[in-house]
Amino acid sequence: MAESKISLEQVRHVARLARLELTAAEEQRLQLELSDILGYVDKLNQLDTAEVAPTAQVGEAGTPAREDAVTNRAAPDAMLANAPARDGFLFKVPRIID
Amino acid sequence: MTIAEARERLRRREISARELARACLDRIAAVEPRLNAFITVCETEAMAQAEEADRRLKAGDAPALCGIPLGIKDIYCTRGVRTTCASRILSNFVPPFDATTIEKLRAQGAVFVGKTNMDEFAMGSSTENSAFGPTRNPYDLERVAGGSSGGSAAAVAADECLAALGTDTGGSIREPASFCGVVGIKPTYSRVSRYGVVAYASSLDQVGPFAKTVRDAALVLGAVAGADPRDSTCSARPVPDYEAALVGDVRAIRVGVPREYFVEGMDPEVESAVRGALARLEAMGARCVEISLPHTGYAIAAYYVIATAEASANLARYDGVRYGLRAPAANSIELYNRTRAQGFGAEVKRRIMLGTFALSAGYYDAYYLKAQKVRTLIRGDFEAAFKTCDVIAAPVAPTTAFKLGEKTDDPLQMYLSDIFTISVNLAGLPGMSAPCGYDGRGMPVGLQLIGPPFGEEAILRAGDAWERAGGFERRPTRV
Numbered sequence: 002m003a004e005s006k007i008s009l010e011q012v013r014h015v016a017r018l019a020r021l022e023l024t025a026a027e028e029q030r031l032q033l034e035l036s037d038i039l040g041y042v043d044k045l046n047q048l049d050t051a052e053v054a055p056t057a058q059v060g061e062a063g064t065p066a067r068e069d070a071v072t073n074r075a076a077p078d079a080m081l082a083n084a085p086a087r088d089g090f091l092f093k094v095p096r097i098i099d
Numbered sequence: 031m032t033i034a035e036a037r038e039r040l041r042r043r044e045i046s047a048r049e050l051a052r053a054c055l056d057r058i059a060a061v062e063p064r065l066n067a068f069i070t071v072c073e074t075e076a077m078a079q080a081e082e083a084d085r086r087l088k089a090g091d092a093p094a095l096c097g098i099p100l101g102i103k104d105i106y107c108t109r110g111v112r113t114t115c116a117s118r119i120l121s122n123f124v125p126p127f128d129a130t131t132i133e134k135l136r137a138q139g140a141v142f143v144g145k146t147n148m149d150e151f152a153m154g155s156s157t158e159n160s161a162f163g164p165t166r167n168p169y170d171l172e173r174v175a176g177g178s179s180g181g182s183a184a185a186v187a188a189d190e191c192l193a194a195l196g197t198d199t200g201g202s203i204r205e206p207a208s209f210c211g212v213v214g215i216k217p218t219y220s221r222v223s224r225y226g227v228v229a230y231a232s233s234l235d236q237v238g239p240f241a242k243t244v245r246d247a248a249l250v251l252g253a254v255a256g257a258d259p260r261d262s263t264c265s266a267r268p269v270p271d272y273e274a275a276l277v278g279d280v281r282a283i284r285v286g287v288p289r290e291y292f293v294e295g296m297d298p299e300v301e302s303a304v305r306g307a308l309a310r311l312e313a314m315g316a317r318c319v320e321i322s323l324p325h326t327g328y329a330i331a332a333y334y335v336i337a338t339a340e341a342s343a344n345l346a347r348y349d350g351v352r353y354g355l356r357a358p359a360a361n362s363i364e365l366y367n368r369t370r371a372q373g374f375g376a377e378v379k380r381r382i383m384l385g386t387f388a389l390s391a392g393y394y395d396a397y398y399l400k401a402q403k404v405r406t407l408i409r410g411d412f413e414a415a416f417k418t419c420d421v422i423a424a425p426v427a428p429t430t431a432f433k434l435g436e437k438t439d440d441p442l443q444m445y446l447s448d449i450f451t452i453s454v455n456l457a458g459l460p461g462m463s464a465p466c467g468y469d470g471r472g473m474p475v476g477l478q479l480i481g482p483p484f485g486e487e488a489i490l491r492a493g494d495a496w497e498r499a500g501g502f503e504r505r506p507t508r509v
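Chain order of the listed sequences is A and B. According to this note's numbering, the first sequence is numbered sequentially starting from 2. According to this note's numbering, the second sequence is numbered sequentially starting from 31.
Incorrect hints may appear among the rest.
To be verified - Calculated cross-link-like contacts (lysine-lysine; reagent style DSSO-like; alpha-carbon spacing at most 30 Å):
no.: 1; chain 1: A; residue 1: Lys6; chain 2: B; residue 2: Lys403
no.: 2; chain 1: A; residue 1: Lys44; chain 2: B; residue 2: Lys417
no.: 3; chain 1: A; residue 1: Lys6; chain 2: A; residue 2: Lys44
no.: 4; chain 1: B; residue 1: Lys417; chain 2: B; residue 2: Lys403
no.: 5; chain 1: B; residue 1: Lys437; chain 2: A; residue 2: Lys44
no.: 6; chain 1: A; residue 1: Lys44; chain 2: B; residue 2: Lys403
no.: 7; chain 1: B; residue 1: Lys88; chain 2: B; residue 2: Lys134
no.: 8; chain 1: B; residue 1: Lys437; chain 2: A; residue 2: Lys6
To be verified - From chain A, some residues computed to sit far from chain B (all C-beta separations above 10 Å):
no.: 9; residue: Ala25
no.: 10; residue: Asp69
no.: 11; residue: Ala70
The hints are simulated quantities; they were obtained by calculation from the structure and are not laboratory data. Think of the CB as a built atom: it goes at the ideal place given N, C-alpha and C, for glycine as much as any other residue.
Produce the entire structure from the sequences given, and follow the hints as far as they go.
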């Protein structure tokens with residue numbers, strides 16, 4: 002099998018960045034799957050793109066600005082209706098750090 | 031029944047909107063145990079909408095889609111109705127607002143019979159990645175309906191509704207349309223507002239309809255397309271009358287046939303059905319010209335970097351704080367880690383990981399920037415091709431619907447089935463799948479028509495003309 006394109010340590014690092022808690026089995030499986038996919042993606046390097054501009058957007062709208070004005074009404078109960086935990090008009094969460 | 035037929039019968043008061051809604055709901059009750067095309071059936075809401083539609087029809091104030099029963103992919107926010115994106119992480123989420131597309135359809139008096147099944151967060155090509163079970167193909171219950179909009183495609187094919195909404199990021203309307211034998215359109219990027227459509231990959235996602243005929247699909251497209259200040263990418267170009275474009279004539283239309291799309295690995299029956307359709311188009315007066323899209327082979331690689339990178343950013347909001355699943359946790363980092371671990375399925379996690387990696391320090395240039403440059407090359411291929419043709423014709427998928435479980439062990443194999451649809455999203459072009467035949471097992475095959483930017487009229491016209499010339503005969507489904 003081809004040399005791994007991503008190490009287990011890299012998988013763990015990326016999982017930390019993505020805020021995903023992975024089991025050991027998931028880590029192993031993802032290492033194999035991501036290696037496989039990244040190996041395939043490597044074919045992009047067959048193309049010389051030194052003089053090619055990147056495409057970030059395929060729409061023609063560009064980045065339009067609008068007036069910095071409030072256009073909707075406050076609706077705190079509607080906005081909080083899906084809250085797993087609330088305290089008045091606040092979303093309640095576990096403490097940020099121990 | 032098509033929308034065009036229903037519209038006429040409603041107008042003549044031969045049937046009422048209530049009767050039409052009731053018929054669809056009864057059909058849903060009968061086939062859903064076998065099909066699983068819907069995550070949420072909206073019985074009460076649909077009947078209330080139908081009652082209101084009947085009032086409008088009686089008063090003579092009835093827009094084109096008044097009283098028409100529609101299925102809505104569960105990725106569209108519908109006020110007061112659960113919207114799950116087929117994910118555990120949103121299984122209890124009830125949006126406090128409607129997507130713009132939904133608002134427009136409500137204003138028309140359309141009836142929403144339910145929210146259809148999909149691959150979780152639109153990531154997949156088979157609707158097997160749903161937290162609510164797969165949707166089966168109405169032509170063979172052992173086979174997939176396609177994805178990610180499999181529920182919408184199956185629901186239309188099985189007469190659970192007259193049309194449905196889907197989304198298409200890499201083929202998620204066109205491929206299930208092909209697998210289920212219905213029409214599916216992915217409009218030009220920015221033609222339809224994405225406001226209120228849960229985002230997967232923001233530079234690729236597009237809203238579009240499923241229907242039984244090209245004319246019906248044109249009707250729904252016309253109802254939802256157009257400017258929206260709430261979606262900053264949405265085009266302000268005026269929306270043409272798509273129905274008026276269906277003149278039934280393809281004479282002198284140049285149909286580009288990309289040589290890179292007819293290579294080994296394609297099912298010979300798919301190829302022969304598509305080539306048969308091209309021959310019929312020529313018999314009708316169109317002219318087929320060979321074209322080249324040289325960077326076709328790089329599209330999947332570019333897509334799986336760009337789409338996953340954008341997805342990793344779009345899905346960062348699912349953290350258990352303001353809505354959706356919340357895992358028990360002692361602190362906020364644990365909250366995010368555990369909620370996301372428990373809430374996301376395997377495919378979603380895989381794509382988030384891939385995307386995060388591609389954007390991470392040290393890899394951004396090698397992966398994301400590189401993929402964006404290749405995207406420019408792919409777009410350039412189409413620009414050059416449209417100098418010598420008016421529409422491009424191609425297969426939709428290399429095979430007909432595969433069996434459930436056939437590709438779930440190898441993610442890369444699943445990704446490779448997007449080969450014919452994915453470039454169209456990268457280039458932001460309009461693409462349509464229209465049924466063109468069946469394979470030896472009776473499974474539908476779709477023909478893909480691709481247009482230049484805002485070239486919906488050209489592909490609708492070609493598809494409609496061919497459909498009306500009897501190029502294809504719909505067979506009943508097996509449910």
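Going down the list of hints, with the structure as the test:
A hinted pair counts as satisfied when its Cα atoms are at most 30 Å apart, and A/Lys6 with B/Lys403 qualifies at roughly 22 Å. With a C-alpha separation of about 28 Å, the suggested pair A/Lys44 and B/Lys417 falls inside the 30 Å cut-off, and the hint holds. A distance of roughly 13 Å separates the Cα atoms of A/Lys6 and A/Lys44; the hinted pair therefore holds under the 30 Å criterion. Taken as a hint, the B/Lys417 and B/Lys403 pair is honoured in the structure, with Cα atoms around 22 Å apart against an allowance of 30 Å.
Proximity of B/Lys437 to A/Lys44 is assessed by CA-CA distance (about 22 Å); at most 30 Å being required, the pair is judged to hold. A C-alpha spacing of about 13 Å is found between A/Lys44 and B/Lys403, which places the hinted pair at or below 30 Å, so the restraint holds. A C-alpha spacing of about 21 Å is found between B/Lys88 and B/Lys134, which places the hinted pair at or below 30 Å, so the restraint holds. Distance restraint check for B/Lys437 and A/Lys6: the Cα-Cα separation of roughly 23 Å lies within the 30 Å cut-off, and the hinted pair is therefore satisfied.
Every CB of chain B lies more than 10 Å from the CB of A/Ala25, the least distance being 13 Å, so the non-interface label holds. Consistency note on A/Asp69: stated as away from chain B, and its beta-carbon is indeed over 10 Å from all of that chain's, at 14 Å minimum. Every CB of chain B is more than 10 Å from the CB of A/Ala70 (nearest about 12 Å), matching its label as outside the interface.
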